[in-house]
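With chain A fixed as given, assemble chain B onto it according to the hints.
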Amino acid sequence: MLGPNVAWYLAIAAVLFGIGALGVLVRRNTLVVLLSLELMLNAGNLALISLARHWHNGAGQIFALAVMAVAASEVCVGLGLVVALNRRELSLDVDTLSELRG
Amino acid sequence: MILASAGNVLVWLVWVVAAFSCLASGVAVVTFSNPFYSALALIGNLGSLAVMYLLLSAEFVAAAQVLVYAGAVVVMFLFVIAYVGPRRETPWSGGPSWQTFGAVAAAGALLVEIVVAVGMQASGSLSHETKVGADFGTPAWIGRVFLVDHLLAFEITSVVLLIAAVGGVILGTHTRRPDLEKTV
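Chains as they are written, first to last, in the working numbering: chain A, 234 to 335; chain B, 612 to 795.
The reader is advised that the hints may include incorrect statements.
Label pairs and their calculated CB-CB ranges [as the list claims (entries may be wrong)]: (1) A:Ser331 x B:Ser734: 32 to 38 Å; (2) B:Ala751 x A:Trp288: 19 to 25 Å; (3) A:Ala240 x B:Ala717: 21 to 27 Å; (4) A:Thr329 x B:Leu624: 21 to 27 Å; (5) B:Thr784 x A:Thr329: 20 to 26 Å; (6) A:Ala240 x B:Gly696: 42 to 48 Å; (7) B:Val743 x A:Leu330: 45 to 51 Å; (8) A:Leu333 x B:Ala683: 28 to 34 Å; (9) B:Phe712 x A:Val303: 31 to 37 Å; (10) A:Ala240 x B:Leu614: 23 to 29 Å; (11) B:Val726 x A:Ala292: 21 to 27 Å; (12) B:Thr784 x A:Ala292: 36 to 42 Å; (13) A:Val303 x B:Ala717: 22 to 28 Å; (14) A:Thr329 x B:Ser736: 46 to 52 Å.
Calculated from the structure, these hints are not laboratory results. Ideal Cβ positions, reconstructed from N, Cα and C, are used throughout, including at glycine.
Pulled out of the complex, with its shape left as it was, chain A reads as follows:
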């Protein structure tokens, strides 16, 4: 394999996952939380594809495509929620959306 070892790709995936997790935990804007979630899903995809290349196994790439479809579904529902919140003139701040809190 030309270029870097698979461990380098896994390191990038881990750091990207950490950045995404930081965004989900720290940011309050619902849209930015969704964008950070995309970062985490992409980090998982990078790890799947690099290990698929490493073990010469196609299931990793198939799983990455399935993750992509799930991410698209998640964005569809999440942005639907944002539009519904905006229609009811509610704030998009995740800290104020605590009506379902038990």
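Relative to chain A, chain B alone:
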């Protein structure tokens, strides 16, 4: 021999550029205060990830990444951000400062946990060289693997996408308050 090492240096160079822009745009997504710029930074992140997928000989997944993410998902994000309008009232981080500190510590702990888990589990087996065939990751190969070996996953994916589309339409059109219904 000289040609092979020159190719190796070139691949390393492309990888370093892609990895740097991937991490930099990831940090930009999290730190920009305007969500519009965050969504634009996500496009750079997805593009550099697609370059890395190409280096990992996953051509079809790289193309699907650009089409599905940069073409559909980010454009949908940009439309919704434009629809919602600028939201200046949402601050960068919430709660008291110890909460922000705790969130940063939790994200760092998660990162350390991933690195330790992967390193302990697979540190020895990650260094050996692997050769893949020329057709690994091409659309024809993906199609064969997807529609022969993983047909059930393919069908379930389509059902998940259909349900999500229906849910998005219901969430976007339905409102229970009649006074708001009239104004729309």
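_Which constraints among the numbered hints does this structure fail? Numbers only, ascending._
Those not satisfied are hints 1, 4.
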